[in-house]
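Mapping to UniProt numbering: the sequence shown position 435 is 435, numbers consecutive.
Just so you know, these hints were derived from the structure itself, not from any lab. Heads up, some of the hints might be wrong.
What the hints assert, rightly or not - Here are the computed distance ranges between Cβ atoms for each label pair:
#  : residue 1 : residue 2 : range
1  : P186      : P216      : 23 to 29 Å
2  : G230      : R352      : 37 to 43 Å
3  : P266      : Q121      : 37 to 43 Å
4  : F116      : Q438      : 39 to 45 Å
5  : Y415      : P229      : 53 to 59 Å
6  : N205      : M418      : 45 to 51 Å
7  : R221      : T126      : 38 to 44 Å
8  : H374      : S442      : 34 to 40 Å
9  : Q121      : S442      : 35 to 41 Å
10 : T126      : P229      : 42 to 48 Å
11 : M277      : S442      : 37 to 43 Å
Unchecked claim - List of simulated lysine to any residue pairs, SDA-like, C-alpha gap at most 25 Å:
#  : residue 1 : residue 2
12 : K299      : D314
13 : K343      : S274
14 : K255      : G104
15 : K343      : K203
16 : K419      : I318
17 : K456      : L420
18 : K203      : I318
We treat Cβ as the ideally placed atom computed from N, Cα and C, and that holds for glycine.
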Amino acid sequence: MAKPAPAEEDAGALRRRLRRSLAAVAAGGAAADVYDEAASALEALREAELGTGRKGGGGGREGRRPAAAEGEGEKEKEAVPVPTQFLCPISARIMSDPVIVASGQTYDRQSIEEWFSAGNQLCPQTQQALLDTTLIPNHLVRSMILQWCTENRFNLPPVEIQEENNVTNSDQKAFDEIFKKITSSPKSTEMRQAIKDLRLITKQNSDFRAVLGERPDSISRMIFARSTPGLQNDPQVLEDMVTIILNFSLHDSNKKVIGDDREAIPFLIWALKSGDMGSRGNSAAAIFTLSALDSNKGKIGELGAMGPLVDLLDDGNIIAKKDAASAIFNLCLLHENKSRATKNRIVDVAMRAIDDQLLVDGSLAILALLSSNHEVVEMITEFDGTACMLRAIRESECSRSKENAVVVLFAICMYNRMKLKEVEADEKINSSLTLLAQSGTSRARRKAVGILEKMKRNMHNRHSSC
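Generate the whole structure from the sequences, applying the supplied hints.
Shown next as structure tokens:
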């Protein structure tokens, strides 16, 4: 029998107990009591974190709204189900600091760091061996989580500060030695190798990235070094330099340093336009990471990144397309960049990506973000957007994509009464909105109900006029 969790055991201890049990299960050959122990720890953690067990039939994972306001007494507000994609696969809690591991899976930073610290080298979900344990902030998912939390008045735990600029003397010395070769060596072959070395060390050593804060002019000096004969037209050197900027940008305190460098963002945009696919994709990834800062969003948009990003979304490989879509979404969180995206054909490209079943989720997220603009909605409608959104609601397996599709469809119906008839005809056959109004995310339910009510009023008005 599984031993019950001690009454005084806190959530942290429960998570550690759960991880030990899951690690034993993943290793294979676990006895039955290990599975019981894992189930007991998970149930206790649910009770500790959410204040709700299986009593009362609440089988799904739930989060809580903030405590009741004054004047409402002790009455607890209704629990709000957290979308599954916002929950960490390890802790089953909403992610406050989502990060991506080498397998491409997303976890909450604290949970995956504890997983690695316990000696685990496999991805918890895919069981893929992770030779590189670098964690990349998933700013797109965090932006979506913050948006959901705001809409549902959900208190997201604050992000713990993970990074400190504790630069060691050895890191500074190593950086200076490599950088001296990049900027002062008389031999292009030696410069080329030093650039490769800097790319490698900034990828493998996350602490080393903090050196940039001590050497803030390094990016522009490196870019200037590329003008050396023998390096200027070398596509590998360009990709290496772009990737060095990307690696440095993963350190949060470097985002402002790079954004304030007069050469860095223009260089990334130039590479986005002129480089090979590797350089273009990594430039988009760097722009996405830098755009986590609002001040950088404005600079990146003003300097002309939107057009090349939309081009990459249109003609890039699948990895580059994802980086471009993430960057475009992040940039469009700043109002001024929405019009820049629209002028650079984002509606055309996103609609074609959805039709071709390429990057459907990212494209729908971008269109939903832009759908508050009447001009954008008209453009979506011209691309047969009504049928496209209805199909996404019916066929998508992602609840967030269904939500984004119905957000766009709601905007279409508000602006175009003729399209409301098309939706009404589809609803009689498929009942897509009725189903979504019952089982979608809270935002999707609101939009679906809004369309259904508008359809009902329309039908009533038609009958009244007969």
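Evaluation of the provided hints:
no., hint, result
1, P186 with P216: 23 to 29 Å, "holds (26 Å)"
2, G230 with R352: 37 to 43 Å, "holds (41 Å)"
3, P266 with Q121: 37 to 43 Å, "holds (40 Å)"
4, F116 with Q438: 39 to 45 Å, "holds (40 Å)"
5, Y415 with P229: 53 to 59 Å, "holds (57 Å)"
6, N205 with M418: 45 to 51 Å, "violated (59 Å)"
7, R221 with T126: 38 to 44 Å, "holds (40 Å)"
8, H374 with S442: 34 to 40 Å, "violated (25 Å)"
9, Q121 with S442: 35 to 41 Å, "holds (38 Å)"
10, T126 with P229: 42 to 48 Å, "holds (46 Å)"
11, M277 with S442: 37 to 43 Å, "holds (39 Å)"
12, K299 with D314, "holds (23 Å)"
13, K343 with S274, "holds (21 Å)"
14, K255 with G104, "holds (22 Å)"
15, K343 with K203, "violated (36 Å)"
16, K419 with I318, "violated (33 Å)"
17, K456 with L420, "holds (11 Å)"
18, K203 with I318, "holds (22 Å)"
Checked against the numbered hints given earlier, the structure breaks hints 6, 8, 15 and 16 and satisfies all the rest.
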